[in-house]
Amino acid sequence: MGVQDDAIVQTRGLGKVVPSGEGSLTILEDIDFSARAGEAVAILGASGSGKSTLLGLMAGLDVPTSGRVWLDGTDITELDEDGRARLRARLLGFVFQSFQLLPAFTALENVMLPLELAGADDAEAQARQMLDRVGLGARLGHYPKHLSGGEQQRVALARAFVMQPRLLLADEPTGNLDAATGGEVIDLMFELNAAAGTTLVLVTHDENLARRCSRHARLAAGRIVSD
Amino acid sequence: MNLVLRFFLRDWRAGELTALALALLVAVASITSVGFFADRVRQALTLNAHQLLGGDLVVSADQPLPAIYRDEAVARGLRTAEAMAFISMARGPSGAQLSAVKAVGAGYPLRGRLRIATAPDTADAEADHGPPQGSVWVDPRFVGLTAASIGDRLDLGDASLPVAAILTHEPDRGMSFLNLAPRVMMHLEDVPATGLVQPGSRIRYQLYVAGDAAAVEAYRAWLTERLGRGQQVQGLEDARPEVREGLDRAQTFLGLTALLAVILAAVSVHLATRRYVERHYDGYAVMRCLGARQARLASLFGGQFLLLGAVAGGLGCLLGYGAQAVIGLMLGDLLGTDLPAPSLLPALQGSVTGYVLLLGFAVPPLLQLKAVPALRVLRREAGAPRARPLLAYAMGLTALAALLVWQSGDGRLAAYALGGFGVAFLLFALAALGVLHLASRLGRHAGFAWRYGLANLRRRSRANTVQIVSLALGLTAILLLAFTRSDLLEAWQARTPPDAPNRFVLNIQPEQREEVLEFFRAQGLPPPELYPMVRGRLMAINDRPVRAEDYAEERTRQLVEREFNLSYMALPPRHNAVIGGRWFGPQELAQGALSIEAGIAKTLNVGLGDRLTWSVAGETFSAPVTNVRKLDWDSMQVNFFVITTPALLDGLPTSYITSFHLDEGRAAAMTDLVRAFPNLTVVDTSAILQQALSLMERMVAAVQLVFLFALGAGVLVLYTALLSSQGERIREAALMRALGASRAQVSAAQRTEYLAIGLLAGGLAAAGAVAIGAVLASRVFQFERYAPDPWIWAAGPALGLLCVVGYAWLGTRAALDAPPLTVLRQD
Chain A
1 MGVQDDAIVQ TRGLGKVVPS GEGSLTILED IDFSARAGEA VAILGASGSG
51 KSTLLGLMAG LDVPTSGRVW LDGTDITELD EDGRARLRAR LLGFVFQSFQ
101 LLPAFTALEN VMLPLELAGA DDAEAQARQM LDRVGLGARL GHYPKHLSGG
151 EQQRVALARA FVMQPRLLLA DEPTGNLDAA TGGEVIDLMF ELNAAAGTTL
201 VLVTHDENLA RRCSRHARLA AGRIVSD
Chain B
1 MNLVLRFFLR DWRAGELTAL ALALLVAVAS ITSVGFFADR VRQALTLNAH
51 QLLGGDLVVS ADQPLPAIYR DEAVARGLRT AEAMAFISMA RGPSGAQLSA
101 VKAVGAGYPL RGRLRIATAP DTADAEADHG PPQGSVWVDP RFVGLTAASI
151 GDRLDLGDAS LPVAAILTHE PDRGMSFLNL APRVMMHLED VPATGLVQPG
201 SRIRYQLYVA GDAAAVEAYR AWLTERLGRG QQVQGLEDAR PEVREGLDRA
251 QTFLGLTALL AVILAAVSVH LATRRYVERH YDGYAVMRCL GARQARLASL
301 FGGQFLLLGA VAGGLGCLLG YGAQAVIGLM LGDLLGTDLP APSLLPALQG
351 SVTGYVLLLG FAVPPLLQLK AVPALRVLRR EAGAPRARPL LAYAMGLTAL
401 AALLVWQSGD GRLAAYALGG FGVAFLLFAL AALGVLHLAS RLGRHAGFAW
451 RYGLANLRRR SRANTVQIVS LALGLTAILL LAFTRSDLLE AWQARTPPDA
501 PNRFVLNIQP EQREEVLEFF RAQGLPPPEL YPMVRGRLMA INDRPVRAED
551 YAEERTRQLV EREFNLSYMA LPPRHNAVIG GRWFGPQELA QGALSIEAGI
601 AKTLNVGLGD RLTWSVAGET FSAPVTNVRK LDWDSMQVNF FVITTPALLD
651 GLPTSYITSF HLDEGRAAAM TDLVRAFPNL TVVDTSAILQ QALSLMERMV
701 AAVQLVFLFA LGAGVLVLYT ALLSSQGERI REAALMRALG ASRAQVSAAQ
751 RTEYLAIGLL AGGLAAAGAV AIGAVLASRV FQFERYAPDP WIWAAGPALG
801 LLCVVGYAWL GTRAALDAPP LTVLRQD
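Each protein sequence line maps, in turn, to chains A and B.
Per our numbering, the very first residue in the first sequence carries number 1; after that it's consecutive.
Per our numbering, the very first residue in the second sequence carries number 1; after that it's consecutive.
Careful: at least some of the hints might be erroneous.
Per label pair, the in silico range of CB-to-CB distance [said to hold, decoys possible]:
1) B:9 <-> A:80: 57 to 63 Å
2) B:390 <-> A:197: 49 to 55 Å
3) B:394 <-> A:38: 54 to 60 Å
4) B:451 <-> A:179: 41 to 47 Å
5) A:122 <-> B:422: 51 to 57 Å
6) B:481 <-> A:124: 52 to 58 Å
7) A:63 <-> B:298: 20 to 26 Å
8) A:47 <-> B:298: 33 to 39 Å
9) A:63 <-> B:278: 23 to 29 Å
10) B:278 <-> A:223: 35 to 41 Å
11) B:248 <-> A:80: 53 to 59 Å
12) B:248 <-> A:122: 56 to 62 Å
13) A:90 <-> B:298: 18 to 24 Å
14) A:220 <-> B:298: 38 to 44 Å
Some but not every residue of chain A turned toward chain B, in silico, with C-beta under 10 Å [said to hold, decoys possible]:
15) 52
16) 56
17) 87
18) 92
19) 93
20) 116
21) 117
22) 119
23) 159
24) 163
If you are wondering where the hints come from, they were derived from the structure by calculation, not from laboratory data.
C-beta: ideal position from N, C-alpha, C; glycine also.
Let the hints inform the model, and build the full structure from the sequences given.
Okay, here's the thing in structure tokens:
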């Protein structure tokens with residue numbers, strides 16, 4: 001089976017087995033999944049169903065035990081770690097449940113980080129603009145510990161979108177936020193997503209959040225049970 | 001702006017690098033403070049070599065130099081000047097003062113300038129020549145001791161000469177701490193009138209030579225072939241060997257002292273880097289996730305540490321520069337020459353030290369970052385890479401060993417130092433662990449704060465032990481100087497009985513013996529025992545000529561080059577015990593024999609039956625060693641390395657020497673003695689001892705300054721260790737408060753922990769200092785009794801508490817500041 005032309009991310013026969021105690025534990029088994037450009041896909045499932053593992057494999061943060069992953073047509077299972085990193089830098093944006101902001105960096109510097117790593121000349125101007133868009137133009141110099149959870153996640157969104165990624169991977173983006181704040185963050189995320197035409201793959205067990213996506217894939221015990 | 005620099009500034013601003021920077025700063029400052037000072041002294045020796053010498057070449061001997069030496073120099077177009085130096089009494093209006101007399105001829109000094117003033121502490125001016133004939137110059141110390149002033153007449157032997165100026169600078173005087181007596185400078189032509197040149201007087205004859213470098217070199221070559229025993233030549237490159245040797249030794253000692261701070265700083269560097277790395281796991285994973293390649297991140301983090309080394313190293317050099325300036329102020333005037341500004345070389349050495357510390361102690365934990373999986377962004381448990389303790393220990397030990405070898409310039413000394421530090425670390429660590437366990441057991445029945453605090457101590461016993469040991473090592477260094485030094489000094493002074501002799505009288509001529517004894521009787525003083533003394537040179541051992549270059553030790557070389565003070569007697573001197581062979585019997589007395597002191601016998605490798613050949617006043621004789629004596633040097637009695645049977649030295653030029661105890665109230669009697677017998681020299685050993693002690697005080701103060709860096713480094717370990725465990729402490733505090741403990745209870749429990757650390761470190765330091773003192777007392781100084789000052793047991797823990805009190809307050813406040821809910825939610 002080949003690669004779908006319009007798939008930004010695609011997996012075939014993807015499996016992940018980890019050693020556990022005396023035996024081994026199958027986390028994912030034979031996953032065929034793809035997301036086309038511009039799609040918003042929610043991967044749903046209970047805790048331990050393998051959602052985050054799938055996200056990690058699609059991002060090339062981990063290597064599968066079996067199967068393949070294509071990102072924008074490139075088989076990342078054939079790349080080494082640095083090769084995958086290069087691809088991530090070009091294509092991907094991330095939003096995490098625990099925000100993952102660098103504590104020693106201000107909001108502005110956190111947003112500048114991917115631009116700086118990519119060697120952008122106008123990192124600061126771009127980051128300022130992006131933070132303005134997420135409503136934090138007045139809090140550029142604040143450290144993460146001085147920002148609320150919602151504000152931190154908005155910084156994380158700014159960091160993800162400032163690189164204009166083709167694919168945004170979000171792992172339980174509202175998991176650490178109360179319902180109202182979570183709602184605001186999600187509104188913002190979809191707004192940015194729509195404006196940029198980014199493909200969104202979202203992992204969550206929040207049905208309300210999943211409803212905002214155009215497609216739903218459901219995972220249970222390491223397998224896709226509905227798509 | 002470079003990305004490395006931006007990352008560095010962000011981490012710096014966020015305080016991520018503070019502890020690391022401080023540790024490097026202390027290490028570099030400690031090393032450079034010693035390095036800069038030694039560099040200045042070394043430069044002074046090189047730059048001012050010919051001034052320090054007074055010429056381009058100096059020939060010296062303890063007998064008059066052959067006239068041909070001077071004539072040849074003149075014939076080669078070189079300038080010459082002559083001088084004589086000896087110790088004598090100078091009597092002024094306020095009494096007699098033991099003085100270092102230097103008689104200088106026309107032309108002296110050939111290099112450098114004398115400076116004179118009309119009174120001490122007034123503006124001085126250069127003088128073109130030494131004191132004119134018929135007058136003397138005295139140095140400010142002489143004025144201080146005798147209150148002499150210009151115009152006063154000084155009696156030197158039989159001559160009476162007026163003081164014409166105060167001598168403020170003498171280029172070739174050398175290190176003043178080697179000069180126990182103040183200077184009196186006179187004209188060479190006035191010496192005969194003093195009548196001070198007599199058999200047995202110890203006089204240094206000097207010929208200064210200066211001129212065209214090539215001619216000086218040629219003259220030196222000519223001279224070297226003709227030098228006789230006891231004659232030495234010093235050029236610019238070997239000027240002041242005693243200063244150079246002293247400097248080398250001092251630098252090795254101070255350098256090793258400085259390394260104590262470096263070693264403790266190494267602990268901080270390791271702890272601080274570990275904390276830094278742990279706090280950067282997430283950031284590293286995020287950056288990997290954002291697409292940064294390993295090589296890029298390695299250069300980012302590596303670059304930051306390189307930059308940190310430069311910044312902390314630079315600041316450390318500045319601090320070291322400041323500290324050396326203070327050392328210079330404390331010790332500089334002892335060197336008798338202006339110290340030039342230091343070169344940059346010690347700064348380089350300091351920076352290298354900083355980087356070696358980073359390489360040995362920061363790189364191993366830093367390498368762990370490479371193993372942080374990008375997946376950590378999704379799963380924290382995917383997270384912390386395994387530490388590689390073997391690699392860390394190997395790199396750390398290698399780095400330390402390299403630094404020690406470099407600093408001591410001697411592999412064996414370095415091995416001893418490393419072993420010593422290692423054993424001290426281990427002993428302290430074992431003791432600390434033992435006490436921690438014991439304390440927590442005993443604390444079970446104590447109140448909440450103590451029980452909880454002590455239990456924590458035990459739970460974190462590894463981290464706490466590192467803190468305690470590091471602080472204890474720093475404190476031990478301080479206590480050693482503050483307490484142990486004076487304990488040892490007291491023990492030494494106590495060994496000398498209160499009625500031990502405190503005056504020596506030298507140069508008593510044979511015909512003056514009866515009159516001198518009569519003088520004592522007339523003064524109501526017990527008549528002292530007079531010992532004959534003959535100056536002789538050791539020519540051969542078992543017919544093999546003695547040559548200085550055959551001996552490795554500089555001290556031994558100087559010893560065999562000098563003339564010995566020989567004595568003769570039929571009965572063994574009191575305070576001496578014959579430990580080998582038998583004292584002279586009738587046969588020895590008839591045939592001639594020698595008695596030798598055990599220490600010098602060992603130094604010269606001479607034993608019973610060996611035949612020594614001596615030259616005295618142009619006559620040569622040989623005799624076998626038939627007994628070896630052990631002396632009690634502390635008795636302060638007149639002692640001789642070599643005693644002969646009377647017949648051997650009979651008829652040779654002899655003077656007499658004696659020592660006796662003079663009550664402090666009778667000091668004036670000595671002035672009368674010198675007035676009655678102007679040629680006699682009276683040495684007040686208690687005054688010399690006092691001067692030596694005050695000199696030692698100043699040196700100790702300088703060493704103490706270097707030790708302060710070690711203490712600073714010890715405190716820093718405490719600080720970095722505290723930072724490492726802060727997260728855990730904050731969580732514990734939050735949990736306790738969530739479970740209903742009051743702020744007061746939580747802070748009391750945490751403070752107990754700090755206080756126990758301070759008390760324990762201080763107590764261990766006191767024990768360490770006492771133990772080192774006891775070893776020194778029995779092994780090095782061979783004291784039978786050594787009683788440490790009991791205050792050390794209070795001072796140690798008190799100092800320990802002082803070091804932790806700031807942390808006890810700050811750390812506890814930090815732990816209590818965050819609301820429990822926020823803290824617990826973060827988990």
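Hint check results:
1. B:9 <-> A:80: 57 to 63 Å: For residue 9 of chain B and residue 80 of chain A the Cβ distance comes to about 32 Å; the hint is violated.
2. B:390 <-> A:197: 49 to 55 Å: 53 Å, holds
3. B:394 <-> A:38: 54 to 60 Å: 55 Å, holds
4. B:451 <-> A:179: 41 to 47 Å: With Cβ atoms ~44 Å apart, the hint holds.
5. A:122 <-> B:422: 51 to 57 Å: Given about 55 Å between the Cβ atoms, the range holds.
6. B:481 <-> A:124: 52 to 58 Å: 54 Å, holds
7. A:63 <-> B:298: 20 to 26 Å: 21 Å, holds
8. A:47 <-> B:298: 33 to 39 Å: 36 Å, holds
9. A:63 <-> B:278: 23 to 29 Å: 25 Å, holds
10. B:278 <-> A:223: 35 to 41 Å: For residue 223 of chain A against residue 278 of chain B, whose Cβ atoms are near 37 Å apart, the range 35 to 41 Å holds.
11. B:248 <-> A:80: 53 to 59 Å: With Cβ atoms ~56 Å apart, the hint holds.
12. B:248 <-> A:122: 56 to 62 Å: 59 Å, holds
13. A:90 <-> B:298: 18 to 24 Å: 21 Å, holds
14. A:220 <-> B:298: 38 to 44 Å: 41 Å, holds
15. 52: 5 Å, holds
16. 56: This interface hint holds because 5 Å falls under the 10 Å limit.
17. 87: This hint holds: residue 87 of chain A lies near chain B, its Cβ roughly 7 Å from the closest one there, short of 10 Å.
18. 92: Residue 92 of chain A check passes; min Cβ-Cβ to chain B is 7 Å, inside 10 Å.
19. 93: With a closest approach of 9 Å, the residue 93 of chain A hint holds.
20. 116: Status holds, d = 6 Å.
21. 117: 5 Å, holds
22. 119: 8 Å, holds
23. 159: Holds - the Cβ of residue 159 of chain A comes within 10 Å of chain B, reaching about 8 Å at its closest.
24. 163: At about 8 Å, which falls below the 10 Å cut-off, the nearest Cβ of chain B leaves the hint on residue 163 of chain A intact, so it holds.
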